[in-house]
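Got chain D; can you put chain H on it based on the hints?
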Amino acid sequence: MAFENLASRLADTFKKLRGRGKLSEKDINEGLREVRLALLEADVNFRVVKEFIANVRERCLEAEVLESLTPAQQAIKIVHQELISLLGGKTHPLEISGPPPVVIALFGLQGSGKTTTAGKLALQLKKSGRKVLLVSCDVYRPAAKKQLEVVAGMAGVSFFTLTDKVSPEVIAKRGVEKAVESAHNVVILDTAGRLQIDDEMMEEARKIKEATSPRERLLVVDAMTGQEACQVAEEFNRVVDITGVILTKLDSDARGGAALSIAKVTGKPIKFASMGEKLEDFQVFHPDRMASRILGMGDVLTLIEKAEAAFDQKKVAETEEKLRRKQFTLEDFMEQMEEVKKMGSFGDIMRMIPGFAKAKIDVDFDPKELARVEAIINSMTPAERQNPDIISGSRRRRIAKGSGTSVQEVNRLLKQFFQARKMLFQMSSPDKRLGRFRLF
Amino acid sequence: MSVFQKLKQGLSKTSSNIRNKIQDIFRPGVLSDEFLDELEAVLIQADVGVGATTDLIDSLREESRSRSFETVEDLYRTMAEKVADIFASVDAPLQVAGGGPTVYAMVGVNGSGKTTTIAKLAHRYTRQTKKVILAAADTFRAAADDQLAVWAKRTGADLIRHSHGSDPGAVAFDAAKAAIARKADLLLVDTAGRLHTKKNLMEELKKIIRVLSREIPGAPHEIILVIDGTTGQNGLVQAREFAQAVDITGLCITKLDGSSKGGIAVAIASELGIPVKLVGVGEQAEDLRDFDSRSFAYSLFGIDPA
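Chains D and H, in that order, give the protein sequences. Mind the numbering: the first sequence is residues 1 to 440 in this note's numbering, read in order. Mind the numbering: the second sequence is residues 441 to 746 in this note's numbering, read in order.
Keep in mind the hints are simulated off the structure, nothing from the lab. Any given hint might turn out to be false.
Below are the DSS-like pairs computed for lysine-lysine, each with C-alpha atoms no more than 30 angstroms apart in a straight line [claimed, not checked]: (1) Lys146(D) <-> Lys638(H); (2) Lys647(H) <-> Lys146(D); (3) Lys264(D) <-> Lys461(H); (4) Lys278(D) <-> Lys638(H); (5) Lys322(D) <-> Lys422(D); (6) Lys165(D) <-> Lys593(H); (7) Lys90(D) <-> Lys278(D); (8) Lys461(H) <-> Lys50(D); (9) Lys278(D) <-> Lys647(H); (10) Lys322(D) <-> Lys415(D).
So here's chain D without its partners, still in its complex pose (with noise of 0.2 angstroms):
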């Protein structure tokens, strides 16, 4: 079962239990039920998601989301505010001050892409100018040090290590001595995989940590973990008291649910986001981005704010309350064309909409255009524009020739506008499918 978008997934359940009137407390726990599968779907963990629902149904009740006009919007606000304040919060940078060398140390299940995250964290820290030491500590897999190697040179940083037979915890004690001798002033550890139910691997991990005292010690995360994501960021925590997060492999399309997992059992903050193949794709990590794509909203918040910043309330109430009257006249469409202006493209618009991306309606208005759009409306006459069916071939040359256009443009625009008009009639009557949002 593809979990679209919950955003609309919630606004059809309110949809349904509004026309009742004000939301109870009922209604909003089968909107919170939506939230909760998808968080699920998300791979957020079993438990996390049990507390966070139990979290946001406390702030839904409060009277806000009950007498809002939008409950389902307020609803999805109150989810994102919750998880963004899970995540962080804010972004939060590597801790690398103080005396040379600073000590970077990766740790993580195997395959979660450790010494692909080394190398781009180095590439990092080297443009901001910094003097970086790759040390490899993992002795078990072969070729490990080899791909470290390969790795640090397409980073341009130096490299060090020793043989497999020197133990992990005095290669990286080795490795930082070095970093003092040639002036480098990070230092970054690479470790081997371990699972966090290894009691051999894990000790050898508190030893890595006690050698070296790194001021960071960040786990390394796989974006598709599921539910396990929990114990293991417990585990490492535990042992090795970790000091932040490495989300690797976001270029994929996983929600990332494992993100809030890991932070709300260990209270440590998801420091990078690792994106791609090329040693640039890295950045700091956003948790309301973040936060966005475990509910699989896309863009729809920014939207949400969009369209709260620029439309003028009463008029969005206004235009809702003509569109249930099923009246729409190319007049409004002006307006809403001012409107969504200020917004930007509307065509950019209608696809941060999750499930428009693919409709099949001609939305893309060139802003500069509307300048031509407006002369057309202009060279109505009232009665066309409050009733554009009227509009004749004969009537359509003449607002052409009016307007200094061509019949072609009027064409397009009335058909533009006709669209536009079916789908508003569709978004604002409860039964129909597209009914999930109501932006006008």
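The following block gives chain H in isolation, referenced to the frame of chain D:
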């Protein structure tokens, strides 16, 4: 008591807490909503996913109309058998060529364990005194071919490799030619990790497979999608996308020696009909098993098949 013993104790406590809770709320002959919620938790926490979990619980509800469950164990066994049935309905053994080299290709996202799985297969078949050739068609990841070279040396398999960054299709071509010329029993093709969202990389994969099937009739006999056992719901998307690009014949679920149960395989088998053929249970060369649907299914519920 060491910190690790404590941890272990803590962990087993957590799982016995869940189990106790299930025991506590279970009433013989009754499937309460509360109980079903807990059962749902067990499945979802094993990454089975909401869809497959709901199907399984619905089917249990259905069955409870005609029979009653007297113990939790009884009920777990019923559930486990349902899961095993899903696998059994799509089950198929590893295919072997009638004549000429048998070809297996490993595909999957980055870090799922393709190279290690190849190494384990090489170990398995060289020990059966089969002639095995490894093709290092991962020309992208730094030192991926070196990793495979170490395994070739350890297992006594031949290795076909090109330089870093060269065309993986060309590696596949040379490897296929070599497999025929050297009368190999088995050709194992390692491919670069690729996210299913990258169209160009999926095209590259198609090409590798095309080359293999053109050079050796009937090849590849298996295209195994390697999935990390800790993968969540995205595993289903991976399987769907890879199967759309190439003809995936089965899965290898890796890293099952961890705490993950690999439950996403249930969703993949039931929704896409792709069988699991192999499971990886450790980092050593011998840590590869043929898939046993019953023991896998029972492990989801933390019980042993009788």
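We went through each hint and held it up to the structure:
no., hint, in the structure
1, Lys146(D) <-> Lys638(H), "holds, 26 angstroms"
2, Lys647(H) <-> Lys146(D), "holds, 28 angstroms"
3, Lys264(D) <-> Lys461(H), "holds, 23 angstroms"
4, Lys278(D) <-> Lys638(H), "holds, 13 angstroms"
5, Lys322(D) <-> Lys422(D), "holds, 14 angstroms"
6, Lys165(D) <-> Lys593(H), "holds, 19 angstroms"
7, Lys90(D) <-> Lys278(D), "holds, 26 angstroms"
8, Lys461(H) <-> Lys50(D), "holds, 16 angstroms"
9, Lys278(D) <-> Lys647(H), "holds, 22 angstroms"
10, Lys322(D) <-> Lys415(D), "holds, 20 angstroms"
Hint check: no violations occur; every hint is consistent with the structure.
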